[in-house]
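> So the chains spell out like this:
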Amino acid sequence: MVPLSWYLGLSALLFTIGAVGVFIKRNAITIFLCIELMLNAANLALVALSGFFGDVGGQLFVFIVMTVAAAEAAVGLAIVISVFRNRESLNVDDVDTLKL
Amino acid sequence: MEQTLFIIFAVIAVASALNILIQRNPLYSALSLIVTLASLSALYLTLHAQFIAAIQVVVYAGAIMVLFVFVIMLLNEPKDVPHIEKHKWLRYLAIPFAGLLIAEMFYALPLDKQIAFPSIPAEQADTAVGTTWNIGTALFTDYLLPFEVTSVLILMAVVGAMVLARREGD
Amino acid sequence: MIDQLLGWAIQILITLFALVTAVAYLTFMERKVMSWIQLRVGPNRVGPWGLLQPAADGLKFIFKEDIIPLEANRWLYIIAPAVSVVPAMMSLIVIPWGSEIHLFGRTIPLHVTQMNIGLLYVFALTSLGVYGIVLAGWSSNNKYSLMGGLRSSAQMISYELALGLAIVSVLLWTGSLDLVEITKSQSGTWFGFIPRWNIFRFPLGTFGFIIFYIASLAETNRTPFDLPEADSELVAGYHTEYSSMKFALFQMAEYLNLITAASIGTTLFLGGWNGPGVEQLPILSLVYFVIKVLVLIFIAMWIRFTLPRFRYDQLMRFGWKWLLPLAIINIIATATLLIFIR
Chain A
142 MVPLSWYLGL SALLFTIGAV GVFIKRNAIT IFLCIELMLN AANLALVALS GFFGDVGGQL
202 FVFIVMTVAA AEAAVGLAIV ISVFRNRESL NVDDVDTLKL
Chain B
111 MEQTLFIIFA VIAVASALNI LIQRNPLYSA LSLIVTLASL SALYLTLHAQ FIAAIQVVVY
171 AGAIMVLFVF VIMLLNEPKD VPHIEKHKWL RYLAIPFAGL LIAEMFYALP LDKQIAFPSI
231 PAEQADTAVG TTWNIGTALF TDYLLPFEVT SVLILMAVVG AMVLARREGD
Chain C
951 MIDQLLGWAI QILITLFALV TAVAYLTFME RKVMSWIQLR VGPNRVGPWG LLQPAADGLK
1011 FIFKEDIIPL EANRWLYIIA PAVSVVPAMM SLIVIPWGSE IHLFGRTIPL HVTQMNIGLL
1071 YVFALTSLGV YGIVLAGWSS NNKYSLMGGL RSSAQMISYE LALGLAIVSV LLWTGSLDLV
1131 EITKSQSGTW FGFIPRWNIF RFPLGTFGFI IFYIASLAET NRTPFDLPEA DSELVAGYHT
1191 EYSSMKFALF QMAEYLNLIT AASIGTTLFL GGWNGPGVEQ LPILSLVYFV IKVLVLIFIA
1251 MWIRFTLPRF RYDQLMRFGW KWLLPLAIIN IIATATLLIF IR
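Chain order of the listed sequences is A, B and C. Count along the first sequence from 1, add 141, and you get the number used in our numbering. Count along the second sequence from 1, add 110, and you get the number used in our numbering. Count along the third sequence from 1, add 950, and you get the number used in our numbering.
Wrong hints could be hidden among the right ones.
As the list claims (entries may be wrong) - Examples of chain B residues lying across from chain C (beta carbon under 7 Å, computed):
| # | residue |
| --- | --- |
| 1 | L128 |
| 2 | L131 |
| 3 | N135 |
| 4 | A164 |
| 5 | V176 |
| 6 | M183 |
| 7 | L185 |
| 8 | T242 |
| 9 | G246 |
What the hints assert, rightly or not - Below are the DSBU-like pairs computed for lysine-lysine, each with C-alpha atoms no more than 35 Å apart in a straight line:
| # | chain 1 | residue 1 | chain 2 | residue 2 |
| --- | --- | --- | --- | --- |
| 10 | A | K240 | B | K196 |
| 11 | A | K240 | B | K223 |
| 12 | C | K1014 | C | K1134 |
| 13 | C | K1134 | C | K1010 |
| 14 | C | K1271 | C | K1093 |
| 15 | C | K1014 | C | K982 |
No lab work stands behind these hints: they were computed from the structure. Here the structure is a predicted model, which is why all the values come from computation and not from measurement. Glycine residues also receive a C-beta, built at the ideal position from the N, C-alpha and C atoms.
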């Protein structure tokens, strides 16, 4: 029997790892990966609460979150590709002026 | 038995999530994230959320991460360019930030209450929360508006990605 | 508990052994069919009528030198064939090979497990199989491999959509994602002699089957969609730099994917293990299933040795502009028909 707090604790732990990753990492794509990890941690919390309290709305919200994550990944990676074409570098420290 | 399964998949998820931070090569980070997504899918299965578990593998691990892996492979950064790190203080700020989040977790979690998973009677097994039937009926009756709005969102994303990734003069 | 685990272990082992042998003999069947279509004899020296040829091929693969290119990414290079083969093998456990057999006083169903999301599980594993090709293409440190790998995986993810949508019309009729349920709903006959298979069920099952078959040929990288691994085009695409057992694993993955696609097509459209006389003699169900799967595989091989291959941009255009809209129209037509009938 796994209590609810274990699932929520795991979700918080994964979210923390993702948030720390956004701070530490310099590569734009790796920062993106950490954002996806944070979204997945939120998904885990939603599915756990939906299962424990019998409400299907949590899982439907997860469905919508996955779709939004897909849309955001597509647009975000397109932006990263444009930035790479202009500055020849994926390091977010190099993207600090509005001029080229 | 369920506790063993939870612990195995939770350890795999946390270990591969930490591996995302440890690896320098972004391709290895992406592959670690795929392992995390697969173990999260297994955790969804322990929560009887079968449809979401399958959709997580099909959509997240099978499509979104393929997109990430493609972009990493095509944007091959030359390895001999020196990287000067301009904001070193951010790295040292991350540790107290993580500590703050973990403290907040302990504050917010209902650690004293032992809420157990409700058992599902056998005659409701085909239409219980988490089965395809249940999610499908809810999605197309109560939650139809978010479903339709999501399709508009995807259309916006497709158009936006095509416009942003275009070269000049195309 | 231990009883059930032991039962599952035995079923999994039997399925794996049967299918790995089937893969070996599929290579033989392919060479024989190729030679008959090209008006020659094919392998007939090793064993009676060449039947031991797969054993000879296996021994050859084991004795070849295992080369890892110098600049290749070592771990990804070694893992890529495994990432290709494991999802292909995992998808075999949900396919209903027959109805049931009666052994030692027990009734053993001829499927390893029955999941109520069986079809989604197969799709999930097909999506994961793309990674083997992408990683193989990248880790070989060879521009032909990289191009072949990226093209092949782009082709696979494009045709996955048409594949999924072609199946939705069958799901609308049956109302379940469970492959065993879908098979059982196709039992019986209309008018006493037309079997109640989904391919005969109004024009929608037929179109659904055609779209499914074409999409599955593209998914398994068979001609006419095999530009990424064609011998005369990109050297050999993503498995250029692979030799001996790793190459054999890629071939095994390809044939296992072909068997899985043919089995899913049989289960969804051709009635699975149904046929005359299965209630009285359940072992006939296994025979009927194998015959139907072999027919679908034979047609795939026939197409391979008859048609020329698509160019890559023609292939992508066909998938996105023709197959996907046709699959969506199929779904809309099925849904409209269902509203009027039920």
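> Starting from the hint list further up, note which numbers the structure goes against and sort them upward.
1, 2, 3, 7, 9, 11, 12, 13
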